[in-house]
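Novice: Chains A and B, in that order, give the protein sequences.
The first sequence begins at 1 in UniProt numbering and counts up one residue at a time.
The second sequence begins at 1 in UniProt numbering and counts up one residue at a time.
These aren't lab readings, by the way, just hints derived from the structure by calculation.
Glycine residues also receive a C-beta, built at the ideal position from the N, C-alpha and C atoms.
Wrong hints could be hidden among the right ones.
Among chain A residues calculated to face chain B with C-beta under 8 Å, some are [as the list claims (entries may be wrong)]:
| id | residue |
| --- | --- |
| 1 | 42 |
| 2 | 70 |
| 3 | 93 |
| 4 | 101 |
| 5 | 138 |
Counterexamples of contact, computed for chain A against chain B with all Cβ distances above 10 Å [unchecked claim]:
| id | residue |
| --- | --- |
| 6 | 6 |
| 7 | 25 |
| 8 | 44 |
| 9 | 48 |
| 10 | 85 |
| 11 | 130 |
| 12 | 133 |
| 13 | 140 |
| 14 | 147 |
| 15 | 183 |
Straight-line C-alpha distance at most 27 Å; calculated DSSO-like pairs for lysine-lysine [claimed, not checked]:
| id | chain 1 | residue 1 | chain 2 | residue 2 |
| --- | --- | --- | --- | --- |
| 16 | B | 121 | A | 119 |
| 17 | A | 157 | A | 109 |
| 18 | A | 108 | B | 45 |
| 19 | B | 45 | A | 109 |
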Amino acid sequence: MDSVGVKLLLIRSSPFAMSCALALRQKGVKFEEVPENLSARSDLLLRSNPVYKQVPVLIHNGKAVSQSLVILEYIEEAWPPSNNTPSLLPGSAYDRSLSRFWADFINKKFIETGLKLMKRFGEEHATARKEIVEQFITLEEGMRAIGSVRPYFLGQKTSLADLALVPLVPWFTSFEALGDLKFPGPEQCGRMHEWLNAMREDPDVVASVPTADWLLNYTLNFREYIKKHYPGGL
Amino acid sequence: MEACREESQVKLLGWRRSPYVTRVRIALALKGIDYEFILEDSENKSQLLLQSNPIHKKVPVFFHNGKTLSESTIILEYIEEAWETKAPNLMPKHPYDRALARFWAAFVDDKLLPSVWGLLKWQGEEQQKAVKESLANFSLLEEALRTSSCSGKAYFGGDEIGLVDIALGGPLVHIKNLEKVINIALVDPVKLPLLSAWMARFSETDELKRILPDPADVFEYLSAKRAKVMSTLPGI
Numbered sequence: 001m002d003s004v005g006v007k008l009l010l011i012r013s014s015p016f017a018m019s020c021a022l023a024l025r026q027k028g029v030k031f032e033e034v035p036e037n038l039s040a041r042s043d044l045l046l047r048s049n050p051v052y053k054q055v056p057v058l059i060h061n062g063k064a065v066s067q068s069l070v071i072l073e074y075i076e077e078a079w080p081p082s083n084n085t086p087s088l089l090p091g092s093a094y095d096r097s098l099s100r101f102w103a104d105f106i107n108k109k110f111i112e113t114g115l116k117l118m119k120r121f122g123e124e125h126a127t128a129r130k131e132i133v134e135q136f137i138t139l140e141e142g143m144r145a146i147g148s149v150r151p152y153f154l155g156q157k158t159s160l161a162d163l164a165l166v167p168l169v170p171w172f173t174s175f176e177a178l179g180d181l182k183f184p185g186p187e188q189c190g191r192m193h194e195w196l197n198a199m200r201e202d203p204d205v206v207a208s209v210p211t212a213d214w215l216l217n218y219t220l221n222f223r224e225y226i227k228k229h230y231p232g233g234l
Numbered sequence: 001m002e003a004c005r006e007e008s009q010v011k012l013l014g015w016r017r018s019p020y021v022t023r024v025r026i027a028l029a030l031k032g033i034d035y036e037f038i039l040e041d042s043e044n045k046s047q048l049l050l051q052s053n054p055i056h057k058k059v060p061v062f063f064h065n066g067k068t069l070s071e072s073t074i075i076l077e078y079i080e081e082a083w084e085t086k087a088p089n090l091m092p093k094h095p096y097d098r099a100l101a102r103f104w105a106a107f108v109d110d111k112l113l114p115s116v117w118g119l120l121k122w123q124g125e126e127q128q129k130a131v132k133e134s135l136a137n138f139s140l141l142e143e144a145l146r147t148s149s150c151s152g153k154a155y156f157g158g159d160e161i162g163l164v165d166i167a168l169g170g171p172l173v174h175i176k177n178l179e180k181v182i183n184i185a186l187v188d189p190v191k192l193p194l195l196s197a198w199m200a201r202f203s204e205t206d207e208l209k210r211i212l213p214d215p216a217d218v219f220e221y222l223s224a225k226r227a228k229v230m231s232t233l234p235g236i
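The task is simple: from the sequences and hints, build the whole structure.
Specialist: Structural data, given as structure tokens:
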């Protein structure tokens, strides 16, 4: 398997980097995690992602791919499914679209709303508090609408939707603390909790995300920092 | 000629002026896929729209064999995959080239269009900032056309129209008329020659002329939006 020189530029707290790290592990690709400092971006980061100057960036065969959903699809195609290599996307065109739809919703709505809990204040924060719970319920309803096969979004195997949602595993605790909220429990959102439990037990997931405690400490400190230096929000 | 049974199950919900609906119509036209275009009232969302896209409540909504999809770029990839053997292919073959195509299509949605639509909202210093940002985004697209896989080729997709061309082509009439409404050149032929030539070429493509929204209709729509914003600003 061609894993020579695969690098993932990331920061430990980035939800989008967690998705990419998990995808690489699921594919069995050996890669180097290159921690970045977003207050002092490396030359490598600036050269590899001049458009956004953001993590994650995947470097493979000397070429850089950025934007997490683009990276995930690239990982699927550069290390295509085979007897030894699992697929990250379902087989049928429709199911593939469904996994893309939910991955897009998770990234653009759910995760973004969650990050606002850390970075915004006042009315924006209040709105985010409300929305994140609504979106959590939307995810529950989405899973149920797709079918009863569990525990993953589309059924028995993980797909882009699960990869996109994996940051929730450590961020669950942080979102609740930052928003002073409680997500609905297993009685109301059984599928989401089943999903969380399945992911927490997956060694690839555990290796790809920080612990809930580490992240809680990080996010609470970062929020204090933002409050002090960017009182209008970041 | 009877449309094949599979294709008669293709429906698209939307309105002609929508840049996002236009993207899907372009892809269907290029692939030669027949479909039923269900016209939606842009001022009054129908039950069908709200039921078939409850999460985003937006057009386009795409139906194929009884299944429903929304989000224009997701629909574009679906059309490419469901009709993979039907030429032309809208995506390149090589994984890295496909990643670039997806990257730039996402750039149009995540950075370019928000900065462009934002131009309707501001004036004065805020407007200056918004214009600068939009111009920077168009420059990035010019660079993308200039480099490696696209260099010397007619389209972002190479010799043929591809995902990025469609992503940018959908809102093309809006971009050109927004320039007129705010009276600022966003794609200057001297500063952005490749992009400018691409825009002319895309607009003049025979198959696409009848699909692109009516410029007068779009101009009127954008002017009205701008007038509304200006009328709510203090001191006016």
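Novice: Are the hints correct? Go through all of them and say.
Specialist: Hint-by-hint comparison with the structure:
no.: 1; hint: 42; result: 20 Å, violated
no.: 2; hint: 70; result: 5 Å, holds
no.: 3; hint: 93; result: 4 Å, holds
no.: 4; hint: 101; result: 6 Å, holds
no.: 5; hint: 138; result: 6 Å, holds
no.: 6; hint: 6; result: 13 Å, holds
no.: 7; hint: 25; result: 19 Å, holds
no.: 8; hint: 44; result: 18 Å, holds
no.: 9; hint: 48; result: 12 Å, holds
no.: 10; hint: 85; result: 14 Å, holds
no.: 11; hint: 130; result: 16 Å, holds
no.: 12; hint: 133; result: 15 Å, holds
no.: 13; hint: 140; result: 13 Å, holds
no.: 14; hint: 147; result: 13 Å, holds
no.: 15; hint: 183; result: 19 Å, holds
no.: 16; hint: B:121 with A:119; result: 24 Å, holds
no.: 17; hint: A:157 with A:109; result: 23 Å, holds
no.: 18; hint: A:108 with B:45; result: 23 Å, holds
no.: 19; hint: B:45 with A:109; result: 22 Å, holds
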